[in-house]
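Chemist: Residue numbers (the numbering used here), protein chains in the order written: chain A, 1 to 220; chain B, 1001 to 1220; chain C, 2001 to 2220; chain D, 3001 to 3220.
The set of hints was computed from the structure by calculation and includes no laboratory data.
Treat the hints loosely; a few may be bogus.
[Claimed, not checked] Chain A residues, not near chain B, derived (Cβ > 12 Å throughout):
1. E17
2. W77
3. R85
4. A130
5. L137
[What the hints assert, rightly or not] Chain B stretches covered by chain C per the calculated footprint, using a threshold of three residues with CB under 8 Å from any CB of chain C:
6. 1019-1031
7. 1097-1106
8. 1133-1143
[Stated by the list, open to error] A few chain C residues that don't get close to chain B, going by computed Cβ distances all over 12 Å:
9. L2019
10. T2032
11. L2036
12. L2056
13. I2095
14. L2099
15. I2105
16. I2123
17. I2127
18. P2155
19. L2161
20. L2177
Fair warning: this is a prediction, and the values are worked out from it, not measured in the lab.
All C-beta atoms in this analysis are idealised placements derived from N, C-alpha and C, irrespective of residue type, glycine included.
Protein chains: 4
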Amino acid sequence: MAESHDHSAHIKSVELERLIFFSDAVFAIAITLLVLELRVPERAGPDVGVVLRHGLLQLIPRMISFVFSFALIGIYWFVHHRIFRHIRRWDEGLIFRNLVLLFWIAFLPFPVALNGAYGDQPIAVTIYAAGLMMTGLSQLWVWRYASHNGRLLDPGYDPRLVRLITVRSCVAPLVALLVIVLAWVLPLPWMANFAFGAIFPLQRLAVKRYERGAGTPRSD
Amino acid sequence: MAESHDHSAHIKSVELERLIFFSDAVFAIAITLLVLELRVPERAGPDVGVVLRHGLLQLIPRMISFVFSFALIGIYWFVHHRIFRHIRRWDEGLIFRNLVLLFWIAFLPFPVALNGAYGDQPIAVTIYAAGLMMTGLSQLWVWRYASHNGRLLDPGYDPRLVRLITVRSCVAPLVALLVIVLAWVLPLPWMANFAFGAIFPLQRLAVKRYERGAGTPRSD
Amino acid sequence: MAESHDHSAHIKSVELERLIFFSDAVFAIAITLLVLELRVPERAGPDVGVVLRHGLLQLIPRMISFVFSFALIGIYWFVHHRIFRHIRRWDEGLIFRNLVLLFWIAFLPFPVALNGAYGDQPIAVTIYAAGLMMTGLSQLWVWRYASHNGRLLDPGYDPRLVRLITVRSCVAPLVALLVIVLAWVLPLPWMANFAFGAIFPLQRLAVKRYERGAGTPRSD
Amino acid sequence: MAESHDHSAHIKSVELERLIFFSDAVFAIAITLLVLELRVPERAGPDVGVVLRHGLLQLIPRMISFVFSFALIGIYWFVHHRIFRHIRRWDEGLIFRNLVLLFWIAFLPFPVALNGAYGDQPIAVTIYAAGLMMTGLSQLWVWRYASHNGRLLDPGYDPRLVRLITVRSCVAPLVALLVIVLAWVLPLPWMANFAFGAIFPLQRLAVKRYERGAGTPRSD
């Protein structure tokens, strides 16, 4: 796949923009396809009103799954946004790792649908959380590759900020791992999903700890 | 989520463009997915021509819903276009509020389908109008955040124009509220949808009133 | 919808790019959604191989419809490309007419599916050709609006080239009209679709006639 | 289709960017639509857990097909990326050939679904490999057209690099041809798909051979 055998990084260019654009499009399509799982109840039976109300009630778990998943893909998009803000150059290694990340993003509508339909089965919650974990790990992989010794970063990068982004990127995969454990322990597997809410305070904690470690950190 | 604890706004940059691009993609996908609700009638029975004509007649409410919804998402896109014309900087608060707006846009294909299939049920029309109302309110939220004390606007912004955009952005949510009320009052709930037509003269009225208040307003 | 009551055209800007981008996204999504009509035959029965071969044979009309429709949307995209090459400014009238065009583009997957499933019914072929005709007429509407007295064009525009684009843009809607007539006259309605092939020589004729009218016309 | 009868190539411009953008959007949509073939098993029967586990096991061939196809479309996107890195100008011939390539990209979700559902039937594997072969051949067609005598390339192009890209672009179609042959020879047709793995070492070989032929080749 490599025409150049040394990993000489190319300078920021229209190709980096194209890479970001392609990623954004995949994120946008995956996040918008989620809604296709919210199927309108079949019109049937003598009392349409009852059928509709019953059908909508049955959709509630899928709705919750939709909201959660939109939020999580939204966060991953936002993190991708933040990571690429610091990247100035690209090479084939970056493109490959980014494609792996996009694979997991494009795959997400499936585990989301599974979680919406089988939230009472630990295996469905596990696949859902595992999908989100793989997404997070791929993103970490992209970032580790780009930031290792500042390989593809702006030359004036702040090593503390790089570490902070690394630590923060570990939070979501770790929480997803916790969700998997909970899915097998809790009596109602879908309740494990609520553990995803822990992502926010934990990230805040990471930011706090790093701030205490040094004076005023440079803003991201 | 915040690496910077003061909400220091960043200058207009490639990231703002990426935010706009991502929003445009979600708008474009949502508006194009609407057509998936127009399902071709199943080929069956001895007289295919009759089946087809009958099936097409039954699709008419969905077609009307399709046209209405395309127009309304088109208007929201256009308003997003206009709002971001005045925004010069961004911060995480803007990204968050814009993601909430995109959530409602990405969700719209579901209430549109519901309205098309169950237009005779007040609850379906209510969910449809509520979805459009939440979209409008989220957009208002984005605009209020960006324009409050000119936070993220071009420094030379015109306060009267900001107020005009605010007033105009209230029209669609208020009309959606009216649709909800009508859906429960009218004998045929789907007729409530026609109240959406009131958006255009009411916006014109808002523009007129503001124009009377001052000399020649600066063009938007 | 108009904050400015005189149709003062804005100079070419990031907004025009956003308009083009949004249009491109709708074109790309509509053209890619066509494939969803090519459904894989259900796996059933004792002899899977026979089921598959039989199912694939039955898909042939849809395949032909897919190829035709891809080509026609591709042409419309290309014409959009060419029209906007000459447009330098925008106003709300252009945005409105372009949204009408995008409505017809986003709608196309439905008549395409109809044509694929009911090619033996003149009404299906009619709806298909009418959808393509409306798309072409909307595009003509965009172009007439933009080019009238050179309203939104580059100041140094060539009036003969403008007329040539106008004439060429009339070809597809006229051929679609012919297809509608043929669908009711021919014994096999789907054969009417082949008349779309007339678009190419007729456009070439238009180019030739204009070339004869003057010396070397300026290249488009 | 041609307003200009001589194939005068236009200089690199916003139109070339629009062409690339449109292509990227089609790639992104096609690659993301693949997931729609991974349908969640129907919830039914008394023991939901057994139904789910059984359903997931049955999805495995589709999953493998999904992973393979994502990788192959990803590679084609990457090659498109690389080809257009060298193209500086465009003409209608390039647009036409690129539309043909996009046709095959937009078509791919169908053979992918076929391969996932009927991997045990040589005809399904053949259609799948043929779809990938046509995609590769179209890409080769784009590249041959653009690079012939350096027609649309940067004037300072490296002829050896052009040849290298040509040779490398032949690898995927040739391997697809091999897959077709194997699908009819092997007892289990879906095993033929694994031959796609040969793409990577063969491309590396091509790079090696060209490197031996000259000193240090210019990096791509």
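Chemist: Against each hint, give a clear statement of whether it holds in the structure.
Modeler: Each hint tested on the structure:
1. In this structure E17 of chain A is not separated from chain B by more than 12 Å, as the shortest Cβ-Cβ distance comes to only about 8 Å.
2. Distance check on W77 of chain A: its Cβ comes as close as 7 Å (rounded) to a Cβ of chain B, failing to clear the 12 Å threshold; non-interface status is violated.
3. Some Cβ of chain B comes within 12 Å of the Cβ of R85 of chain A; the nearest lies about 6 Å off, and the non-interface call is violated.
4. Every beta carbon of chain B lies more than 12 Å from that of A130 of chain A, the smallest distance being close to 24 Å; the non-interface claim holds.
5. At roughly 20 Å from the closest C-beta of chain B, the C-beta of L137 of chain A stays outside 12 Å, upholding its exclusion from the interface.
6. With 8 residues carrying a beta carbon less than 8 Å from a beta carbon of chain C, the stretch 1019-1031 of chain B meets the three-residue requirement, and the given coverage holds.
7. Residues of the stretch 1097-1106 of chain B lying with their CB closer than 8 Å to a CB of chain C number 0, which falls below the three-residue condition for coverage.
8. For the stretch 1133-1143 of chain B, the assignment as covered by chain C is violated, since 0 residues bring a beta-carbon within under 8 Å of that chain's beta-carbons and 3 are needed.
9. A beta-carbon of chain B comes within 12 Å of the beta-carbon of L2019 of chain C; the shortest separation is about 8 Å.
10. Some Cβ of chain B comes within 12 Å of the Cβ of T2032 of chain C; the nearest lies about 9 Å off, and the non-interface call is violated.
11. Separation of L2036 of chain C from chain B is inadequate, the least Cβ-Cβ distance of about 8 Å not exceeding the 12 Å criterion.
12. Distance check for L2056 of chain C against chain B: the nearest CB is about 17 Å away, which clears 12 Å, and the non-interface claim stands.
13. Distance check for I2095 of chain C against chain B: the nearest CB is about 6 Å away, which does not clear 12 Å, and the non-interface claim fails.
14. Some Cβ of chain B comes within 12 Å of the Cβ of L2099 of chain C; the nearest lies about 5 Å off, and the non-interface call is violated.
15. Remark: the non-interface label on I2105 of chain C conflicts with the geometry, its nearest Cβ contact in chain B lying 8 Å away (cut-off 12 Å).
16. I2123 of chain C, annotated as away from the interface, has a beta carbon of chain B within 12 Å; the closest lies near 6 Å.
17. The non-interface label for I2127 of chain C is inconsistent with chain B: the shortest C-beta to C-beta separation is roughly 8 Å, within 12 Å.
18. A cut-off of 12 Å between C-beta atoms confirms that P2155 of chain C is not in contact with chain B; the least separation is 21 Å.
19. No beta-carbon of chain B is positioned within 12 Å of the beta-carbon of L2161 of chain C; the least distance is around 29 Å.
20. Every CB of chain B lies more than 12 Å from the CB of L2177 of chain C, the least distance being 21 Å, so the non-interface label holds.
Hints 1, 2, 3, 7, 8, 9, 10, 11, 13, 14, 15, 16 and 17 from the earlier list are contradicted by this structure; the remaining hints agree with it.
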